[in-house]
Amino acid sequence: MSKGILLIRKEAIKIVAEKISDNPIIAANGYLSRDLYEVCDKPSNFYMIGSMGLASSIGLGLALKNRKKTFYIFDGDGNLLMNLGSLITIGVHKPKNLIHIVFDNSSHESTGGQPTESKNIQLDSVARSAKIKTFKVGTKSDLIKKLEKTKKLTGPILILVKISKSKKTSKRVNIEPTKIKLRFMESLRN
Amino acid sequence: MKPNIQKRIFDYLIKNKIQNFLGVPDSTLKYFIEQGLKKNKILITTREEEAIGIAVGMALSQSPSLVFMQNAGFANSISTITSLVQLYEIPLIFLIGWRGYLKNDAPEHVKIGKVQPKLIEILDLDYKIITEKNWKVSCNWALKKIQNQKPCALIVKRDFVD
Numbered sequence: 001m002s003k004g005i006l007l008i009r010k011e012a013i014k015i016v017a018e019k020i021s022d023n024p025i026i027a028a029n030g031y032l033s034r035d036l037y038e039v040c041d042k043p044s045n046f047y048m049i050g051s052m053g054l055a056s057s058i059g060l061g062l063a064l065k066n067r068k069k070t071f072y073i074f075d076g077d078g079n080l081l082m083n084l085g086s087l088i089t090i091g092v093h094k095p096k097n098l099i100h101i102v103f104d105n106s107s108h109e110s111t112g113g114q115p116t117e118s119k120n121i122q123l124d125s126v127a128r129s130a131k132i133k134t135f136k137v138g139t140k141s142d143l144i145k146k147l148e149k150t151k152k153l154t155g156p157i158l159i160l161v162k163i164s165k166s167k168k169t170s171k172r173v174n175i176e177p178t179k180i181k182l183r184f185m186e187s188l189r190n
Numbered sequence: 191m192k193p194n195i196q197k198r199i200f201d202y203l204i205k206n207k208i209q210n211f212l213g214v215p216d217s218t219l220k221y222f223i224e225q226g227l228k229k230n231k232i233l234i235t236t237r238e239e240e241a242i243g244i245a246v247g248m249a250l251s252q253s254p255s256l257v258f259m260q261n262a263g264f265a266n267s268i269s270t271i272t273s274l275v276q277l278y279e280i281p282l283i284f285l286i287g288w289r290g291y292l293k294n295d296a297p298e299h300v301k302i303g304k305v306q307p308k309l310i311e312i313l314d315l316d317y318k319i320i321t322e323k324n325w326k327v328s329c330n331w332a333l334k335k336i337q338n339q340k341p342c343a344l345i346v347k348r349d350f351v352d
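Protein sequences appear in the order of chains C and P.
Note that the working numbering has the first sequence beginning at 1, numbered continuously upward.
Note that the working numbering has the second sequence beginning at 191, numbered continuously upward.
Hints listed in this document are in silico derivations from the structure and should not be mistaken for laboratory results.
One or more hints might be untrue.
Unchecked claim - The following label-pair restraints were derived from C-beta to C-beta distances:
| hint | chain 1 | residue 1 | chain 2 | residue 2 | range |
| --- | --- | --- | --- | --- | --- |
| 1 | P | K334 | C | K149 | 34 to 40 Å |
| 2 | P | V351 | C | K94 | 20 to 26 Å |
| 3 | C | N23 | P | N230 | 41 to 47 Å |
| 4 | P | N330 | C | K168 | 19 to 25 Å |
| 5 | C | R128 | P | T272 | 56 to 62 Å |
| 6 | C | R172 | P | N330 | 36 to 42 Å |
| 7 | C | E186 | P | S217 | 56 to 62 Å |
| 8 | P | N206 | C | K42 | 45 to 51 Å |
| 9 | C | D22 | P | E279 | 23 to 29 Å |
| 10 | C | K133 | P | A265 | 34 to 40 Å |
| 11 | C | K94 | P | K220 | 25 to 31 Å |
| 12 | C | G4 | P | K301 | 50 to 56 Å |
| 13 | C | I5 | P | L309 | 32 to 38 Å |
To be verified - Mimicking BS3-like on lysine-lysine, the simulated pairs with C-alpha atoms at most 30 Å apart in a straight line are:
| hint | chain 1 | residue 1 | chain 2 | residue 2 |
| --- | --- | --- | --- | --- |
| 14 | C | K68 | P | K347 |
| 15 | P | K205 | C | K69 |
| 16 | C | K131 | P | K231 |
Unchecked claim - Calculated from the model, a selection of chain P residues having no Cβ within reach of chain C, i.e. all distances over 12 Å:
| hint | residue |
| --- | --- |
| 17 | S217 |
| 18 | K229 |
| 19 | T235 |
| 20 | R237 |
| 21 | G243 |
| 22 | G247 |
| 23 | S253 |
| 24 | Y278 |
| 25 | L313 |
| 26 | K326 |
| 27 | D349 |
| 28 | F350 |
Computed from a prediction, not measured in an experiment: that's the story for all the values here.
Where a beta carbon is used, it is the ideal one built from N, C-alpha and C, also for glycine.
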């Protein structure tokens, strides 16, 4: 990981969302979904507004059933820590079309910034133990470079994006959950 | 429930287009799971919520799915059922082994076994108790439910103590 100024979550989300264009994204609950909704809303975004921890599992189910599309999971450190077993299941089933991006600020930001333990145990090393290809990035240029690189590799891949905490918050996702589902399903048919 | 009935239930569901069987093993459902493993159709997860998450991804891909678990795992899954499956109206079949149905079951199963019917009713999740006599009718009911885009549960009583 090269040293430099860390991005804040919303900046990092914008960079990735723009870089991957129309590919489907499964976004974890809390500020992750809210930021994505604000910076780049599109039908192929599945905003998981509840069920904390399960974005990676939903992404795995989708990747296993739609081999021709590449799925991006937008996860947080708090979310991943609630469902670490998911890395094992992904590592075993090895979907080539799954890219797991973990925006890691070592905190539960949407509940008031309480700390998580991702500062003490590196989540990319956990993923590596689960036989997932991993990258760790900390700067904008590094993030863009690694996103480019992953396009030439087969998954599953996990990119750990170290970000800094921020007071900036986004509005709530203002779409009915059933509508989120229907437009997402429709986007898969295209 | 007898081994051969459990196997027939698995075969019947797969014949009727259930494509994915995921969950955490339960001894009450042992022969159902065994039949699925034999046919290489079972995905075992680390927790019940994880199984539901993967099954939701599959259901969003219009691939009909069943999640199996013990009732203790059903209790683990409550928040996932309310804030994902029910909130987004995802069609899934839950197959739940009911420990603690008999009052002399192992102590860890007694309390959760006692509240199982109330728990599922309060969640407004439609269910049927599936038996050796009604299994085909119950399966047809569940298949119809998911065709109509509704989640539902089939519960198997643990009617023996080991």
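Task: Exclusion check [D349(P) not at the chain C interface, CB over 12 Å] - done: holds (31 Å)
Task: Satisfaction of the hinted span 23 to 29 Å by the C-beta atoms belonging to D22(C) and E279(P) - done: Check passed, 25 Å falls within 23 to 29 Å.
Open item on the list: Please check whether the beta-carbon of F350(P) is more than 12 Å away from every beta-carbon in chain C.
Closed with: holds (30 Å)
- [ ] With 12 Å as the threshold, tell me whether S217(P) passes as away from chain C on beta-carbon distances.
- [x] Its Cβ never comes within 12 Å of chain C, the nearest being 21 Å, so this holds.
TODO: Decide, holds or violated, for the assertion that all CB atoms of chain C are farther than 12 Å from the CB of Y278(P).
DONE: violated (5 Å)
Task: Range hint 25 to 31 Å (beta carbons of K94(C) and K220(P)) holds or violated - done: holds (28 Å)
Task: No chain C beta carbon within 12 Å of G247(P)'s - done: violated (2 Å)
Open item on the list: Verify the CB-CB distance for R128(C) and T272(P) against the hinted window 56 to 62 Å.
Closed with: violated (35 Å)
TODO: Report holds if the minimum CB distance from R237(P) to chain C is greater than 12 Å, and violated otherwise.
DONE: violated (6 Å)
- [ ] Check the following: the C-beta atoms of E186(C) and S217(P) are separated by a distance inside 56 to 62 Å.
- [x] 42 Å Cβ-Cβ, so the 56 to 62 Å window is violated.
Task: N230(P) and N23(C) - C-beta distance against the hinted 41 to 47 Å - done: Because 30 Å falls outside the window, the suggested range is violated.
Task: Proposed proximity, K69(C) with K205(P) (alpha carbon, max 30 Å) - done: holds (28 Å)
Of the numbered hints given earlier, the model fails hints 1, 2, 3, 4, 5, 7, 8, 13, 14, 19, 20, 21, 22, 23, 24; all others are met.
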